[in-house]
Structures are given as structure tokens and as C-alpha cells.
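Visitor: So the protein lines, in turn, are chains G and S.
Sequential numbering of the first sequence, starting at 0, is according to numbering that gives the first Met the number 0.
Sequential numbering of the second sequence, starting at 0, is according to numbering that gives the first Met the number 0.
A portion of the hints provided could be inaccurate.
Because identical chains share one entry, a pair is satisfied inside a single copy or across any pair of copies.
Stated by the list, open to error - Think about it this way: if two alpha-carbon atoms lie no more than 20 Å apart in a straight line, the pair counts; the simulated SDA-like pairs of lysine to any residue are:
| hint | residue 1 | residue 2 |
| --- | --- | --- |
| 1 | Lys605 | Glu577 |
| 2 | Lys24 | Gly376 |
| 3 | Lys24 | Thr148 |
| 4 | Lys529 | Ser510 |
| 5 | Lys529 | Arg497 |
| 6 | Lys66 | Phe36 |
| 7 | Lys212 | Ala459 |
Read the hints as simulated data drawn from the structure, not as lab findings.
2 protein chains.
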Amino acid sequence: MTETFNALFSPGSVAIIGASDNPNKVGGRPIHYMRKFGYAGEVFPVNPGRTTIQGYRAYPTLGDIGKTPDAVVIAVSGDATMEQVRACADAGVKAAVIMASGFAETGQEGRTRQQEMVDVARAGGMRLVGPNAQGTANFAKGAVLNFSTMFMEVAPADGPIAIISQSGAASVMPYALLRQAGLGVRYLVATGNDADLDACAMTAAVAEDPAIKLILLYLESVSDPAALARAAAIARSRGASIVAIKAGRSQHGARAAASHTGALVGNDAAIDAFFARIGIWRAADIGELVRAVPLYLQGRAPGQGRTVVMSHSGAVGVMAADLAERHDLSLTELESATLESLGAILPDFGTASNPLDMTAALMGKGDMFPRVLDALGGDPQADMVMIGIPVAGPGYDVEALARDAAASSSRFGKPLVVSAPQQAVRDVFVQHGVPTFVTEGDAIAALAQYAAHARLEASAQTPEFSNNPLSLEGSGLQDEARSLALLAQAGVPAVPNRICATADEAVAAFSALGCGSVVVKGCAAEVPHKSEHGLVHLRLADPTAVEQAARDCLHKLRELGVQSPRVVVAAMVAGRHEFALGVSVDPVLGPLVMIGEGGTLLELRKDIVSLLAPFSQADVRAACGRLRIAPLFQGYRDMPALDLDALAAAAVALGDWAVQHRETLKSVDINPLMVQAAGEGVVAVDAVVELAGA
Amino acid sequence: MTETFNALFSPGSVAIIGASDNPNKVGGRPIHYMRKFGYAGEVFPVNPGRTTIQGYRAYPTLGDIGKTPDAVVIAVSGDATMEQVRACADAGVKAAVIMASGFAETGQEGRTRQQEMVDVARAGGMRLVGPNAQGTANFAKGAVLNFSTMFMEVAPADGPIAIISQSGAASVMPYALLRQAGLGVRYLVATGNDADLDACAMTAAVAEDPAIKLILLYLESVSDPAALARAAAIARSRGASIVAIKAGRSQHGARAAASHTGALVGNDAAIDAFFARIGIWRAADIGELVRAVPLYLQGRAPGQGRTVVMSHSGAVGVMAADLAERHDLSLTELESATLESLGAILPDFGTASNPLDMTAALMGKGDMFPRVLDALGGDPQADMVMIGIPVAGPGYDVEALARDAAASSSRFGKPLVVSAPQQAVRDVFVQHGVPTFVTEGDAIAALAQYAAHARLEASAQTPEFSNNPLSLEGSGLQDEARSLALLAQAGVPAVPNRICATADEAVAAFSALGCGSVVVKGCAAEVPHKSEHGLVHLRLADPTAVEQAARDCLHKLRELGVQSPRVVVAAMVAGRHEFALGVSVDPVLGPLVMIGEGGTLLELRKDIVSLLAPFSQADVRAACGRLRIAPLFQGYRDMPALDLDALAAAAVALGDWAVQHRETLKSVDINPLMVQAAGEGVVAVDAVVELAGA
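Input sequences plus hints: build the corresponding full structure.
Guide: What follows is the structure in C-alpha cells.
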């Protein structure tokens with residue numbers, strides 16, 4: 000870790016400005032916690048009104064301490080904060096936690112004061128956490144620069160988990176759930192307004208700690224995607240994982256997020272694509288955030304995720320199979336040798352297929368259970384094991400079951416989980432280190448997430464954020480001719496076309512294009528929805544028809560108030576299927592490219608995938624495989640296979656071009672993009688490019 | 000309840016045949032449980048080898064007891080069961096629980112023995128539970144004719160819940176979760192093989208108990224839909240609810256179906272439709288089965304489900320809003336008067352919209368919190384309240400919060416739930432009777448289910464299963480001409496067409512049809528996929544083209560081995576949009592009608608809804624509103640509104656016809672069904688009807 004993060008997480012000394020003798024005040028609680036949780040460094044309460052605070056000597060001002068503390072907690076009110084930040088920066092403090100609220104979250108004036116505060120700190124070489132931050136904690140050192148009430152109620156313990164959150168509440172909720180489950184948490188950081196050291200930077204910092212196996216994130220905005228990508232890369236390089244909530248998905252959520260942190264909530268699909276690219280699993284809520292934690296901590300490789308379900312109840316097997324399908328977890332086909340072994344071990348072997356119904360062996364008596372586990376452990380088709388124990392009591396040796404299950408998982412290195420509704424049964428398995436769940440639903444969901452996340456991590460990349468964008472001339476919506484020209488420049492095949500100001504020019508264009516049949520369309524940036532105004536004339540095969548159509552369009556455009564009406568004359572292109580290709584440039588994450596079924600019903604059918612640019616043709620092929628109409632690429636019924644290669648090439652070209660021009664490009668809509676049979680290419684038939692500004 | 004169910008659930012006396020002195024044997028456990036759980040009737044252990052068993056006098060045979068017990072548990076092995084069933088039936092026993100396995104679940108021979116056993120019982124006027132049953136329990140009476148291990152570990156307590164399950168394991172899993180949460184369960188029934196008194200009949204029986212507010216079901220098959228519909232009607236009439244797992248979703252999905260409709264909807268969709276119709280909520284797993292139980296038990300009306308979320312954390316509000324969108328729960332727009340009141344109560348009112356960010360009030364001090372609850376309680380736009388308490392500790396008066404929350408919910412009669420990760424916080428709310436959840440995710444999911452289930456119950460119907468079906472002549476796949484004729488008979492408008500055996504007949508048909516343009520298609524039941532064999536010739540406008548097309552089709556059909564090749568000559572019909580309409584007849588639940596976007600990509604786009612027949616046009620309109628392409632019915636972009644009335648009329652006619660002919664009809668595929676602009680109707684252009692047999 001850098002000096003800054005060392006100062007925060009392993010400080011030799013901490014001053015608390017605005018210190019209180021009352022451990023239930025914001026300025027009292029960090030002092031209370033540091034004493035209580037074994038902080039071994041020096042603690043300097045700063046308060047002009049007292050000589051001792053909670054048993055520590057107190058100082059009137061920072062200057063009176065006589066040395067410069069590594070880190071400072073500034074727990075005075077918002078108005079008084081700036082003066083203290085200046086004093087700290089002047090004194091050479093490396094990092095400060097600002098707890099006061101009343102900054103960017105209150106509006107423009109607060110934003111300005113917040114930026115001034117950051118500037119003052121940076122000028123003195125000091126870094127800030129907050130403002131409006133609950134603060135940082137490293138429970139390995141008892142360094143608790145954090146005022147959350149939670150540690151009063153749920154005692155900390157060190158462990159291989161870090162929790163980084165922009166929200167105080169969202170930092171302590173997973174903490175409470177993990178601690179109540181007996182799991183240790185090392186870092187707990189709530190960054191508040193993210194004015195300087197933000198949640199992304201914090202994530203990168205804790206990712207470097209070799210003891211950390213799992214980082215849990217709560218974000219309402221991704222303020223620094225490059226830092227988060229770097230954090231993810233560091234974590235991956237060490238075999239550590241990141242699971243994150245990015246809240247504000249819904250409209251309601253987005254609205255509340257804006258008013259809460261003053262942060263901009265980015266396009267949600269861009270977040271999905273970004274997290275997937277850098278190998279972060281996106282959780283829907285706090286429950287999903289913590290659900291699979293025991294699997295991550297154990298760290299056994301999930302292989303291809305092919306799972307064996309076994310139970311002494313057929314019903315558990317049936318439900319687990321339903322749930323596996325719902326969560327896209329594959330139940331494995333066991334090798335026939337394994338099934339034979341199982342048949343030999345279990346005299347009244349219930350069901351000779353997965354899910355395994357194995358009545359007697361799950362009582363834990365004799366050596367049936369370990370022998371079954373050996374058989375499964377040795378089957379290369381079986382990557383993970385779920386054992387459902389719906390009931391146990393007299394007649395069951397749960398201790399033996401737990402011991403054997405733990406031993407098998409350890410010996411074969413395969414993830415193994417247990418689901419059991421009885422707390423007493425789960426307790427025994429937990430004591431043996433076996434991940435346990437209350438229901439089959441949770442167990443299957445956790446296994447599915449763990450396996451899918453491993454696949455995500457294996458294909459993760461670290462995107463570049465450093466190139467210098469090029470500019471595009473113009474602003475706002477571009478007319479069809481310019482749009483098609485820009486796309487052609489980008490490398491997306493566009494339909495041959497001519498822009499014409501008169502009907503005579505249109506007739507000339509018809510013969511110049513030299514194709515049998517053309518389309519004539521009104522062309523004006525002000526009128527993007529041409530067909531709704533009768534501005535599209537299809538299949539014109541002779542000069543008279545072209546002339547009439549051009550006149551009609553020019554007349555209608557004039558009536559719509561267009562000053563310099565023009566028409567586009569373009570070759571008629573029939574395609575095997577209509578696709579759509581588009582770009583939406585996220586201000587933070589860059590261009591998101593959308594690929595999907597096109598046509599007029601695009602927005603109803605919503606059969607689309609999206610990719611954060613830049614990406615490869617292989618990425619496009621994988622994404623297109625998730626479309627409902629994906630079978631068209633292999634040839635469907637009597638239709639030939641479509642040209643996925645050309646589609647992928649066009650999407651990659653569009654994405655690269657959008658990255659290059661991301662500062663001035665806002666969006667691209669190509670619909671339809673005609674996709675032909677394999678080897679015959681794609682053609683953009685209609686397009687609107689939107690540039691920034693105006 | 001009937002005499003039979005009284006005998007099982009409130010017996011004056013119970014004999015246990017195969018009684019054991021060992022409380023951990025199948026024949027010992029019911030005796031142990033009845034003594035332990037306060038059964039006040041007589042217990043007669045039957046065992047020729049002992050004089051006393053677990054303190055009760057034992058009898059060598061049933062006949063030695065000297066009176067006829069109301070109910071008997073038969074706990075001898077499978078081979079010895081028949082003899083005991085006969086003895087019980089002869090003695091006039093009203094009901095017996097058969098615990099032995101080795102019957103229908105083992106194959107055909109076992110099925111035969113099982114039926115013999117039922118016949119013997121019925122002949123003597125006795126009813127059976129099982130075989131292969133864990134048995135019945137009424138914990139209000141201590142009448143435990145059940146051998147589950149679970150009651151050794153998790154003690155029972157009476158309560159307003161019944162659990163009915165075909166599986167023993169699936170009966171005790173929800174039991175364990177509910178009892179560990181402090182909730183009482185009155186009935187617990189595991190019916191095993193369902194040979195006589197099945198899970199549906201049991202459900203109807205317990206639904207009649209006025210103390211039962213909620214019935215939890217686990218089914219792997221719906222053996223008696225009429226009984227289940229009756230049970231649901233009884234429950235609804237009393238304001239009780241039913242939540243059910245129907246397991247085996249994935250198996251059904253996997254089974255291959257001959258018809259497109261059958262493959263698309265699967266048999267599982269029939270279960271969904273059936274449960275929805277009779278007002279049963281279908282849960283995905285045991286977790287969902289029990290999740291919303293506290294809301295059902297409290298029984299407060301969810302109104303329109305418009306929910307207020309409040310928290311002292313903005314993050315909780317943001318997450319709850321995301322989750323509400325995911326679960327289709329609407330967050331209400333509060334009345335402006337309410338927002339004004341809130342602003343007056345809360346000086347630093349965080350966010351003046353829902354979700355409410357209300358920092359200070361959620362500490363529970365002063366009267367802010369009850370005043371906020373009063374303001375919400377009085378707002379007619381607010382139907383339900385969720386309070387998120389991510390953290391509490393010193394400075395919080397959780398007791399006051401819980402008291403006020405409970406009082407408000409009771410006073411206004413509105414459902415109110417709390418989510419809190421801290422066990423200690425939840426405990427306080429539970430003590431005050433407030434439904435609590437660990438995460439916002441569970442709280443929102445429970446509220447969403449509770450509100451949606453109430454809507455389902457309000458529109459529930461009790462289907463008729465009693466009419467006498469009519470027969471259709473023929474078997475297997477019908478050719479297009481017969482199929483269209485059958486549909487026309489059903490009341491579905493079909494395209495004008497003629498069936499022709501020669502090219503000359505085709506030409507004659509062309510002029511007879513008198514339309515400008517026709518389609519000529521090969522017609523043979525053996526070749527349902529015409530377009531794949533080049534057997535469809537479109538837009539033929541002159542006799543020569545018709546003749547050529549007919550010759551081509553006849554030739555190709557002959558080459559495909561069709562003995563008597565024919566062609567259909569049909570009017571070309573252009574439609575505004577291609578739909579598909581289909582039927583798949585479920586052997587138990589009857590015809591399921593599928594409606595969706597048609598065309599060659601039907602099975603890829605899967606934009607379909609399904610309804611169990613019979614149904615009304617209003618049902619069709621509601622279902623079609625769930626299609627992705629639903630906006631087409633209102634007019635989309637430059638397209639006129641489509642004829643939803645005609646589509647609904649065709650679907651209702653098809654459904655009614657399918658119900659009438661359900662014994663001989665297997666499936667119907669109509670694709671495309673051309674839907675015209677409103678007022679212009681629908682036309683079936685291509686269809687395949689599949690009849691039973693051959």
C-alpha cells in the first residue's frame with residue numbers, strides 16, 4: 000500500500016479533532032473503538048475544552064501535540080472543517096477522515112466548498128476520506144477511524160474480507176451479517192462523498208493486502224473506473240474476488256441516488272458490461288452480496304461448475320434440479336464408473352442419476368457416506384457437490400457427516416456445500432468449515448454465482464482509459480447522409496447513397512447508383528422519424544417514380560419547416576434479417592455498443608446485448624450467442640446461416656471509432672443493419688448519429 | 000371436516016400396528032409423540048410380542064383391543080401391510096396411515112399391490128393415507144400419526160398454519176423454518192404415494208378449519224385438480240391463503256413435445272395457469288414458501304400494494320427502489336399533503352419523496368416517528384410500509400420504534416414490515432408482532448408476493464371439471480385442409496381454401512376462390528414442415544403459375560413418399576402482424592391455449608402467454624397485455640391499432656372448442672394467425688391440429 004493508505008489503515012498515531020469524552024458522540028466513538036479493539040499506536044484527542052478524554056491526554060489544538068500524527072479524524076461540524084483541514088495539511092498530516100456532512104450532497108454551494116477543501120488538502124500533500132464519511136477501519140490493527148454505531152453492537156474480528164462502501168449504512172449491513180455468521184472482516188470503509196480518496200481507490204488499496212480474499216463493494220456511482228479496473232486486476236492477480244452492489248438501477252433508485260450523494264448514476268447497462276469485463280460479480284442486494292462468502296473464503300476451484308446434488312430426500316433432488324435450471328447451473332452427468340461404484344456402495348440406491356437419492360448413506364453411519372464422497376471426488380465430471388439434509392435427529396451421525404464432507408472437499412479440492420433447515424445441523428457443518436445454507440435455493444444460487452463468477456474472472460480484462468480522443472465536427476443530431484458517411488468512415492458498411500437538393504439531382508443519382516431499385520428518403524436532421532411523416536419511398540425502379548418521390552419528400556420537408564430540404568437516394572438492399580447496431584456513450588464508462596434484432600419493433604422486442612467498447616470480434620460472437628435470435632447465426636429452419644463475422648467486424652469497428660471519438664459522440668442508431676447470409680456481409684441502411692453539444 | 004378427516008385429525012383413539020417400545024423406530028415414534036405432545040385420546044399399541052409399550056398396554060392384534068379405534072397407524076413392513084389393512088377395514092376403522100414403502104414407487108407390480116390395498120380398504124369403508132407416507136399430525140390435539148424425526152429436534156406448537164406435502168422431507172423443512180422462527184403449525188401431513196386420500200384432498204380438509212389462515216403445499220404432481228380447486232375456493236371464502244411449490248419444473252420443460260405449442264409452453268405452464276386461476280401462489284423453493292408467512296398470518300389487506308419505503312439510510316432507499324422494480328412492486332407517490340406533513344415533522348427531512356430518507360425520526364426518540372407513521376397511515380395512496388433499519392445501537396430507542404410501528408400497522412390496518420441485519424433489532428420487532436426480514440431484498444420480495452397474491456385471489460375462479468367431452472374423428476397429425484376445417488368449426492376464422500388432388504383442380508380452385516392472388520401449398524399430414532421442403536408457393540396471380548406450383552408440390556410430395564399427395568390453394572392474406580395461436584392439452588389440467596407473436600421466429604422470440612381453457616375475452620386481453628409486443632394493440636408508431644377483440648374472440652372460441660374435445664385433441668398450432676387493424680379481424684393462414692391416438 001502507498002504511504003497514504005498505510006497512514007489510514009496502519010497509522011502509528013491518530014489525532015481526533017473534535018474529540019469527545021462521550022463514546023456515543025461522533026468525536027468520541029473512534030477513540031472508544033481504538034481503545035476497545037486494541038489499537039497499539041498513539042491516540043491524540045484534540046479538544047480545547049478538556050485535558051483528558053476517555054483516559055487519553057487531550058490537546059487544545061493539533062499544533063499542541065508536538066508531533067505530526069499519521070492520520071487525523073476531523074469530527075467537527077461542517078463549518079469548522081475547512082480550518083482544521085488547513086491546519087492538518089500545513090502540519091504535514093498524510094490522510095484525514097472528514098465526518099461532517101453539508102458538502103456536495105447539499106447542492107452547488109456545498110460542491111464548491113468541498114472542492115476548496117480538497118484543494119487545500121492536496122496543496123499540503125494530504126489526502127481526504129469524505130466528507131460525509133463514516134470513515135475507515137482496519138480491525139487487524141484496531142485502527143478504527145470510523146464512528147458507526149454498529150461496532151458497539153456487533154463486535155469486530157479480523158478476517159480475510161474487506162468491505163468498501165460509499166454509504167455508511169451499506170458498509171455495516173454486510174458487516175453485521177458476516178460477523179453474526181462468525182466470519183471476520185479486516186477492512187470496513189465508508190467513503191461518503193468520495194471527494195478525494197474514493198471507493199474505487201480504497202478498493203485498489205485493500206486489494207493489495209495479501210490477506211484479503213474477498214472484497215465486498217457498495218457503490219452508487221463509479222467515480223473512477225480506471226481505479227476500479229486496476230483494483231480488480233490486482234485482486235485477480237492474487238486470486239481474490241470482488242462482489243459489488245451498484246445501486247440506483249431503477250428510476251426511483253436513480254432519483255434517490257442523485258439526491259443522496261450528489262453523484263451521477265451512470266447508464267446501468269454500461270455498469271453491467273463494465274463489471275463483467277473487469278471480473279466483478281454484480282449482486283442485486285445485500286443478501287446476494289454476502290450469500291456465497293464462505294465459498295470465496297474457502298477458495299476451491301469450481302471447475303466448469305458441473306454439480307452433483309445428493310440428499311436422502313427425493314424432493315430435495317427435484318427442487319434442486321428446478322433451482323439449478325433457474326440459476327443456469329449445470330447438474331453433471333456422472334461417469335458410468337461412478338454410478339457403478341455408487342450402486343455397489345448403496346444397496347438400495349434410490350436414483351442412479353444426478354440428483355442422487357441416497358437414503359441410508361446420509362445417516363452418517365458406517366463408511367457408506369465417505370465412500371460415496373470418494374466416488375464423486377474421483378469423477379472428473381463432478382466439479383461441485385451440494386448435499387441437502389432436510390431433516391436429521393436420532394439415528395443420524397451429523398458429526399460424522401460433517402467430518403467426512405469437510406475431509407472430502409479438502410482432499411479433492413472441490414467446493415462442497417450443505418443445505419439444512421435445522422440450525423443445529425448447520426452448526427455442526429459450520430464447525431467443520433463446510434459452507435452451509437438454510438435452503439436449497441440459497442445453496443444452488445451460491446454455487447451458481449461462485450462458478451459463474453470464476454468464469455467471469457477467467458475472461459476478465461483491464462480496459463485502457465488513456466488514449467486521447469479525436470473530435471468530430473458538428474453538434475446534435477446528424478442527418479442521414481452525414482450519419483451514413485460517418486459510419487462509412489468508422490468502417491461500418493453503409494448503403495450506397497447520394498444526397499440531393501432537387502428532384503433532378505435525385506434522378507441523376509438514380510442512374511449514377513446503377514442499381515435496379517432505389518429508396519428515396521427525406522433527409523433533415525430535424526426530422527429523424529422519417530417513416531412517420533411519409534418520407535420514405537421504397538422500391539423505385541424508374542426515373543419518373545424517383546422524381547415524384549423526391550418532389551413529395553422535398554415538399555413535405557418544406558411543410559415541416561425544414562429550411563434546406565434534401566433527399567437521400569440509396570440503393571434498395573434486401574437483407575436476410577434486420578438487425579440494429581447502436582452506441583450510447585456513458586460519460587464515465589465510455590461507449591456502450593448495442594447489438595440486437597432490428598426493425599420497427601426493436602424497442603418492443605428488446606432482443607439486445609451490449610458491450611462496452613473497445614471489444615473484440617470474439618466478444619461480439621459470445622454476446623450475440625445470448626440473443627434470443629442467436630440460432631439464426633447457425634442457420635435456422637430453411638434460412639441460411641447469417642454473416643456473424645461481418646456483424647462482429649462492423650460492431651468492433653463502430654466500438655473502436657466510438658472510443659476514439661467518445662468526447663464528441665453521444666449516440667449512434669443504425670436500424671436496420673441488414674445482415675446477409677454468411678460471407679455476404681452487412682449493410683447499414685438507415686442511421687442517425689448524435690454528436691455532443693447544441 | 001368429514002368423518003374420515005375427523006378420524007385422522009381428531010381421533011378419540013389411535014391404534015399403532017407394528018408398535019415399538021423404541022421411540023426411534025417408525026412404530027415407536029407416533030406413540031412417543033402422542034404421549035409427549037399431549038394427545039388426550041386412547042392409544043392402543045398392537046404388537047404380539049409385548050404386553051406394554053412405552054407405558055401403554057399393548058395388544059397382540061387389533062381384534063384384542065376390544066373396541067374399534069378411530070384411526071390406525073400401520074407401521075409394519077410392506078409385505079405385512081395388506082393383511083393389516085384388511086383387518087382394519089373389516090373392523091370398521093375409518094382411516095389408516097400406511098407408512099411402509101415398496102408400492103407404486105417401485106414399479107408396475109407395486110402399483111398393482113397398492114391398488115389392491117386401496118380396493119380392500121374402500122370395500123370396508125376405510126380410507127388410506129399413503130403408502131410410503133410419513134403420516135399426519137394435528138398438533139392442536141397432539142394427534143401425531145407421523146414418524147418424522149423432526150419433532151424430536153424441533154418441538155411443535157399449535158398455530159394457524161397447515162403444511163400438506165407429498166414428500167416427508169418437504170413437509171418438515173418448512174415446519175423447521177417456521178418453528179425456529181417461533182411460528183406455530185397445526186397440521187403437518189406427508190401423504191407419500193397419494194393412493195387414496197391425496198395431498199389435494201388433505202388440503203381441502205384442512206382448508207375447512209376456521210383456525211387455519213395459511214396452507215403451505217408441496218406437490219410433485221396435481222393428482223386431483225378438482226379437489227385442489229375446491230380447497231382453494233374454501234380457503235378463499237374464509238380469507239385463508241395457499242402458497243404452493245409444484246416441483247419438477249425442469250423435468251416437464253425437458254420433455255419433448257410433438258407440437259410447437261407443446262414445446263413452447265411445456266406442461267409446467269399449465270400448472271402456472273391453473274394455480275393462478277384458483278388463487279394459489281406458486282413458490283420457487285422452500286425459502287419463498289415460508290418467506291411472507293408473517294404477512295399472511297397478520298392478514299392486513301395489501302390494497303393495491305403501493306408501498307412506502309423509509310429508512311435513516313439513503314442507501315437502503317436506493318436499494319429498496321431497485322428491488323421494488325425487480326419484484327414489480329410499486330412505490331407509491333405520496334399525496335402532497337403527506338409530504339407537507341412530513342416536512343413539518345422532520346426539520347432536516349432528507350428526501351421529500353418515496354423512498355423517504357428520514358434520519359432523526361428513525362432513532363425512535365420523541366414523537367417524530369409515530370407522527371411520521373400517522374402521516375403515512377392517513378395517506379390513501381400508501382398501502383404498505385417498509386422500514387429499513389440498517390443499524391441501531393446506543394442512541395436508538397428500538398423498543399419505541401417497534402411499539403410505534405406495531406401500533407400504526409394495527410391502527411391503520413396496513414401491512415408494515417421491517418428489515419434489519421441485526422438479530423437483536425429484529426427480535427424487538429418480532430416481540431411486537433412486526434414481520435421482520437434480514438435484508439431489504441427479502442422484505443420487498445415478501446411484500447411484492449403478498450400484494451400480488453391478494454390480486455390473484457381477488458380474481459380467482461373455480462373451474463368446472465365436469466362436462467362430458469365430445470370426440471373428434473381421426474388420430475395423429477391432421478393435414479392443413481382438415482386442420483383449417485376443424486378450426487373453422489371451432490369458430491376461428493380460417494383463410495378461404497380448397498383442397499386439390501391435381502394441378503387442374505388447383506387451377507379451378509384459383510378461379511373459384513376469386514381473389515387476386517393465392518398461395519399453393521403441399522398438403523400431407525406426414526409433412527408438417529412445408530416450407531423446409533419447398534412446398535409453399537406464395538403470391539400466385541395467374542392460372543399458369545398456380546398450375547406449375549401445384550405440379551411442383553405434388554411431385555415433391557410423391558418424392559417424399561406421400562401416397563395421395565394433395566395441395567391446398569388458399570387466398571393470399573396480408574396481415575398487419577403475424578401472431579400464433581395454439582393449444583396443448585395437459586392430460587390432467589386440460590387445454591392450455593398459447594397466444595404470441597407468430598412467424599417463423601416464434602420459437603426463438605418466445606413472446607407468448609398462455610391461459611388454461613376455458614377463459615373469457617377479458618382474460619385474453621389481460622394476458623396479451625403481458626406480451627412484449629402488447630403496444631401493437633394500441634397502435635405503435637405509424638401502425639394502426641391491431642384487432643385485439645378479434646384475437647380475443649378467436650382465442651376464446653379455440654379454448655372452448657378444445658375443452659369440449661379435450662379427450663381426443665392433443666394440440667393445435669396456428670401460425671401465422673394474421674391480425675388486422677382494429678375492426679378488420681383475424682385469419683388463420685396455416686394450421687396443424689393433432690388428435691390423440693396413432
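Visitor: If a hint holds in the structure, say so; if it doesn't, say that too.
Guide: Cross-check of the supplied hints:
no.	hint	verdict
1	Lys605 x Glu577	both (13 Å within a copy, 18 Å between copies)
2	Lys24 x Gly376	neither (55 Å within a copy, 33 Å between copies)
3	Lys24 x Thr148	within (10 Å within a copy, 52 Å between copies)
4	Lys529 x Ser510	neither (24 Å within a copy, 41 Å between copies)
5	Lys529 x Arg497	within (17 Å within a copy, 42 Å between copies)
6	Lys66 x Phe36	neither (24 Å within a copy, 72 Å between copies)
7	Lys212 x Ala459	within (17 Å within a copy, 51 Å between copies)
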